[in-house]
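Given the sequences, and given the hints that come with them, work out the whole structure.
Quick note, the sequences are listed as chains A and B, same order.
Letter 86 of the first sequence, counting from 1, is numbered 86 in our numbering, and no numbers are missing.
Letter 52 of the second sequence, counting from 1, is numbered 52 in our numbering, and no numbers are missing.
Keep in mind that a hint or two might mislead.
[Stated by the list, open to error] No farther apart than 27 Å at their CA atoms in a straight line, the calculated lysine-lysine pairs in the DSSO-like style are these:
#1 A/31 to B/285
#2 B/361 to A/31
#3 B/438 to B/285
Don't read these hints as lab results, they were simulated from the structure.
Remember, predicted model here, so these are calculated numbers, not experimental data.
These are the residues of each chain, in order.
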Amino acid sequence: MNEILNFLIDNEILIYLLLFTILLGFEVISKVPSVLHTPLMSGANAISGIVILGAIILIRTTESDNYITLILASIALFVGSINVFGGFFVTNRMLEMFNKKKKN
Amino acid sequence: MEKVLFLMSAFLLVWGLRLQSDPASASKGNKLASVGMLLAIFSAIIMPLENSNSNLIWVIVPLSLSSVIGYLIAQKIKMTSMPQMVSIFNGLGGLSAVLLSFTEIYKWIALPDSYDITVVIVLISSLFIGSIAFTGSLLAFAKLDGYRWSEKLTLPFQHIVNIIFLSLIVGSSYLFVTNPDISYLYLIIILSFIYGIFFVAPIGGADMPVVISLLNSFTGITAALTGIIFGNIVMLLGGILVGAAGTILTILMCNAMNRSLLNVIIGGFSSSGSSKENKEQGDIKEISDSDFAVQLFYSNKVIIIPGYGLAVAQAQKLCKEIQETLEANDVEVKYAIHPVAGRMPGHMNVLLAEADVDYAKLIELDQANEEFKSTDVAVIIGANDVVNPDAIDDSSSPLFGMPILKVWESTSTVVLKRSMSAGYAGVQNPLFFKKNNKMYFGDAKESLQRLSSELKNL
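So this is what it looks like as structure tokens:
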């Protein structure tokens, strides 16, 4: 119990941030027309690939001969960034179609 | 320096997502968010770290490979397979989080003093949620792509089995934390993978978009948890943002179908398909090519209701062709888009946009229901559940309560369909037996082809 309490105190700012970001996330999306549900899901999905930052940091702090960690982390980076890049490109393609319509 | 960059990228991610909730600015929003992401990746590569080693090659190679692969997939993929694509991408994101948490926990086993116990608990949670997102998304993909086996994975008493699995996972996590033996860790991973499959298995195929959105928010949450471990605020922020936004989006989608999230997860459609079966159905009437063409040709107003059938047959361009032929003869043509038509909200809009159909011709549910009264022919192409009158009339129907398109209020309706089989919800549609309805059987593409040439001969 004490350990959990200490963890909360040590990460006080992070916890505050966590709470406010949850509210922000709710607020940002609360009114979306159904037309945009698919592109938005896809766009948000690309952002969730932000987990690759962890992979990058992990790779950079691993000893250069610790191959198991390096290999696992770069696979993580590889699959995660397919999520990121693929997600953004696909979303862009979807949204460009709507744009094209608007101008006509 | 990198702190400023991280700050900017956090701002761009939030602002980009904000812009994406409005059709006019959505495209710009996505670009802003991707710039934000690039900044974040760049900062993570250049930021000064303690015990930093120059393993740059291990970063650059996977990054450049996957950017090329991601770009190619995004360009090649058909617009109709978009839901599946998002699902696969999400699964990869989940897998990434699993690998990352595993590697971190692995390091902890070697050096048990280097981490707080709380950190390990956070890592295990991230591992667990990431695993659900991974295998769950893969199963969602299989269901959307129509693999038969994917519908048969449900066990008897699935919900009880799931609870047992959950307690097993919690139990083995407890064992692992108190006695860090790697075999417990493997056990947690295997159990979590299976749990991900069980989580999605009982949910009906029609609800997959909702599930994908939910799994998407799971991936966001794992990203945030990992962000806490790495002490990276952008990760935390981006992850939670997606987690919260994904949850809201999931709820919005459920609302569009008039169902609760709990109802979707428990699998409402699959369990209650026993609507009055021997109801008086009456006869169906077929319409011939020439009759259909003539009927459309001499109408004043036609509304087309597209559904998944149009998407699988890739017939959207033919649809546009027919629209143009009719318009050249002073027939007013519109498209009524149900919020959940197709396999994903917005699916039909994307599809018709691909065929260059004018945005102004697409009307939404409420407006369409006003306009049916003054419509001569409503043409339903490959849609079924979204025009099922049972949703209003029959309280025992699994569709009951879902807002639907009241096509039968038009003077006549024609349903283009491959066969009499039930729709995705697995229920029969009384619309087909109504007096003013005619059926036009066949694959949407071939049917529209026949209709189009018939129209041109008039």
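Restraint check for residue 361 of chain B with residue 31 of chain A, where alpha carbons must lie at most 27 Å apart: Distance ~23 Å between residue 361 of chain B and residue 31 of chain A Cα, so the pair holds.
Hint consistency between residue 31 of chain A and residue 285 of chain B [alpha-carbon to alpha-carbon, up to 27 Å]: Violated: residue 31 of chain A and residue 285 of chain B sit about 43 Å apart, past 27 Å.
Hint consistency between residue 438 of chain B and residue 285 of chain B [alpha-carbon to alpha-carbon, up to 27 Å]: Given pair residue 438 of chain B, residue 285 of chain B holds - Cα atoms ~5 Å apart, limit 27 Å.
Violated hint for the displayed structure: number 1, the only one.
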